[in-house]
Amino acid sequence: MKILTGNDLKTGAVTWWTGVGWSLDVNDSADVGEHGAAIIAREEGARNVFAAYVIDGEKTAEGVRPAHIKDRIRALGPTVRPDLTLKPADPEAVNWVI
Amino acid sequence: MVEVQFRFRSDEAVNDPAVTVDAFAEQTNATAVRVEPGDDAHALLPHLDRLRLIEVNFPAWTDGRGYSSARILREAGFGGEIRAVGDVVIDMLSHLKRCGFDAFAPDKPLNPADAEAAFKRWDNVYQATADGRQPIWALRHQG
Amino acid sequence: MYKYDQYDQQMVDTRVAEFRDQVRRRIDGELTEDQFRPLRLQNGLYLQLHAYMLRVAVPYGTLNSTQMAMLGDIADKYDRGYGHFTTRQNIQYNWIKLEDTPDILADLASVEMHAIQTSGNCIRNISSDQYAGAASDEVIDPRPYAELLRQWSSFHPEFLTLPRKFKIAVIASDTDRAAMRLHDIGIQMVRNPNPENGAGEIGARFYVGGGMGRTPMIGPMIRAFVPLDQLITYSEACLRVYNRHGRRDNKYKARIKILVHELGKDEYTRQVEEEFQHLLDQGIEPPLAELERIGQYFADPAWETGLSDELDLSDPDFRLWAERNCHAHKQAGYVIATVSLKPVGGIPGDATADQIRLMARIAKDYSFDELRVTHAQNIVFPHLRKADLYAVWRMLDEAGLGTANLDTVGDIIACPGLDYCSLANARSIPIAQKISERFGSPAKQAEIGELKLKISGCINACGHHHAGHIGILGVDRKGVENYQLLLGGCEGADTSLGQITGPGFDEDGIVDAVEKATEVYLANKQGEERFLDTYRRIGMAPFKEAIYG
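So the sequences go chain by chain: B, R and H.
Everything in the first sequence is counted per numbering that gives the first Met the number 0, starting at 0 for the first residue and increasing by one.
Everything in the second sequence is counted per numbering that gives the first Met the number 0, starting at 0 for the first residue and increasing by one.
Everything in the third sequence is counted per numbering that gives the first Met the number 0, starting at 0 for the first residue and increasing by one.
There may be inaccurate statements among the hints.
As the list claims (entries may be wrong) - Listed next, the in silico PhoX-like pairs over lysine-lysine satisfying Cα-Cα at most 25 Å (straight line):
#1 H:329 x H:2
#2 H:250 x H:164
#3 B:86 x H:252
#4 H:363 x H:76
#5 B:86 x H:433
#6 H:443 x H:515
#7 H:477 x B:1
#8 H:96 x B:9
#9 H:363 x H:329
#10 H:96 x B:86
#11 B:58 x H:477
#12 B:9 x H:76
#13 H:164 x H:76
#14 H:443 x H:433
#15 H:264 x H:252
#16 H:477 x H:250
#17 H:543 x H:433
Unchecked claim - Here are a few chain H residues that face chain B, going by a calculated C-beta distance under 10 Å:
#18 31
#19 46
#20 49
#21 52
#22 93
#23 94
#24 419
#25 423
#26 428
In short, the hints are calculated from the structure, not lab data.
Beta carbons: idealized from backbone N, C-alpha and C, even for Gly.
From just these sequences and the hints, can you work out the full model?
Right under this line is the structure:
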């Protein structure tokens, strides 16, 4: 699947396009198909997000998994500070990245 | 021709068509020239007395070669108009002025209030340049 | 330490107002991201993997306790309770909000700090020797010259849109502790070597065109002696030639090292000298009185005299730390102590807000209100009384800051890598953690002795891997992290660039390879040789054989 990610303009937080808006959770990502560029143009124009780009992802049993390690680290948080990731209580979360 | 939006000179506006640096070398009657980022401003120094206007082009504002061109011209004593043209943005204005630009013709007109704030931003400056302002080190040791 | 006067304060305050206005224009939509990016970068504001990152300047690595405490408070108030000290003596925060940034800059300005030009294609924060003003081997304190250059380079109107970033280091001893020759301009303050012309006076030796990155180069000397009353003029000439002729067609060839390399040192020097002769008549040089004014702020603190050099080393843990992390001071009875931000298994260069404030308090109470940040991502107390050393170490140790590993295999330089950095290809920090754990025992570290290990998560080399006795470079091999090993790099007076051993390794493989390299060293070591000395004597072959054989 093609998923769309960017950063919130005011906070810088990593966000994922859900089909209707933006979420901090990669698992909310929608498949944007061929519409990524148009959504980026609209959403960046409205300053909802910036530095947005389309990536390959995969729908798995556990949720949406970005194809590249860089985007998996963006989705979770720094692997060396599990306490600061989106899943601070899950000691296995870091293994999802690698 | 793009309009001059800001001008800090009291003499009459110059509207002579600007020729390229290469063409200028051939045309003994040209009074205005346009300097591109890759041009060597030194090539103009023997002819400054017949120039009224030197345009310095910024195809992209992040290419800063034009700042050096303007300073080289002012340091050689050029007193005519040095006009910044092209991708001129608000946040360059005061730095351009410090390097000797005294006219500004941005491709896209700038917000006048933001531009005014930008020109007036720095009450003092750390460096001596061709703009004649007293740098902070001079203020510290005057008198 | 330097103190701002009304002018310096006005400059940083004006910058805060300017950036507040730029942020407003960005949020209001007057500026697109493409237009805003160069502006925010010149204020040290990046977009990293997880959020905005703010890099705060620590000019020439020197700061007072009030400033250090503010760095801790900012970590709590605007970030997530910690900061990361960098290889250019700065500090960066990883979780910054754009809308908070003007307020952070205002807080910094209230203690005479800023984030001016800590990124972008301009003259960056000027780095220096972390032992400046305290070490006995310097000819003079280099920091007044660095401060003069700081003011000259701040908002220099001609040099804010250079072909690429520009880093300057200023040192004043033959023992180069700042990797001076790996900077765009490296300046060494020296005594005039020319006996006919004012021999013995202080001046500046210029090295230009060094750097790391994807094309590492050791900067050649272009002028053996620039008199103090021409320092700014000469620097301006170096920059003008670069601004006009540095390559702008290819970002990867835009650093001054490529210009100097392509023109040749002699032709670059000729052009600089020609520009310099022209600029000498332009009146751009501050008077020597300005250097004297600045220099007064760097006068020696009021040392106590007649202090004993005795140290009670009966506590074995303290003894280890005192012998490993302390350096001789020029004043009897005092010592320079380095706080290692490299605990076993820790994140190199990270410190919590509480740790930062503790170091601020110690500096205030015991080190004449001064601290230094080192390019090896540690903190220095430059002026401790030996009589206070044990008490200071106890406080540090209780806060997890008492690690005794300066310049050993545990004292690893590592960039943030793919855990934080949007440019990285591989993670650096987990490698550093694993290596520091593998070599965690003090006995092992003592056996191996001085070994500078440096890790970069991409070819930009923020982790200085080219200059490590052992260097590690993380690369992306078809979406999988892979690590190359380099041997024989060195910063300092005998600067050399590391050589790649061969094919790369995975995360565990690189740790094994490092261990094998240390085994080759221990098996071949003669006398007091360091790892680097043995490598230079026996060459790459025995290491390769052990690692790949």
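Right, here's what the structure says about each hint:
1. H:329 x H:2: 24 Å, holds
2. H:250 x H:164: Satisfied, since the Cα-Cα distance of roughly 10 Å is no more than 25 Å.
3. B:86 x H:252: Status violated; Cα separation ~42 Å.
4. H:363 x H:76: Since the Cα atoms of residue 363 of chain H and residue 76 of chain H sit roughly 22 Å apart, the hinted pair holds (cutoff 25 Å).
5. B:86 x H:433: 23 Å, holds
6. H:443 x H:515: Answer holds: residue 443 of chain H to residue 515 of chain H is near 14 Å, not above 25 Å.
7. H:477 x B:1: 19 Å, holds
8. H:96 x B:9: 6 Å, holds
9. H:363 x H:329: With a Cα-Cα distance of about 20 Å, the restraint between residue 363 of chain H and residue 329 of chain H holds, given a limit of 25 Å.
10. H:96 x B:86: 21 Å, holds
11. B:58 x H:477: Since the Cα atoms of residue 58 of chain B and residue 477 of chain H sit roughly 21 Å apart, the hinted pair holds (cutoff 25 Å).
12. B:9 x H:76: 17 Å, holds
13. H:164 x H:76: 30 Å, violated
14. H:443 x H:433: Holds: residue 443 of chain H and residue 433 of chain H sit about 15 Å apart, inside 25 Å.
15. H:264 x H:252: Measuring from Cα to Cα gives roughly 16 Å; hence the hint holds.
16. H:477 x H:250: Roughly 24 Å between the alpha carbons, so the hint for residue 477 of chain H and residue 250 of chain H holds.
17. H:543 x H:433: 22 Å, holds
18. 31: Interface hint status for residue 31 of chain H: holds (8 Å vs cutoff 10 Å).
19. 46: Constraint on residue 46 of chain H satisfied, holds at 6 Å.
20. 49: 6 Å, holds
21. 52: 8 Å, holds
22. 93: 8 Å, holds
23. 94: 8 Å, holds
24. 419: 6 Å, holds
25. 423: 8 Å, holds
26. 428: The hint holds - residue 428 of chain H has a Cβ within 10 Å of chain B, the shortest such distance being about 5 Å.
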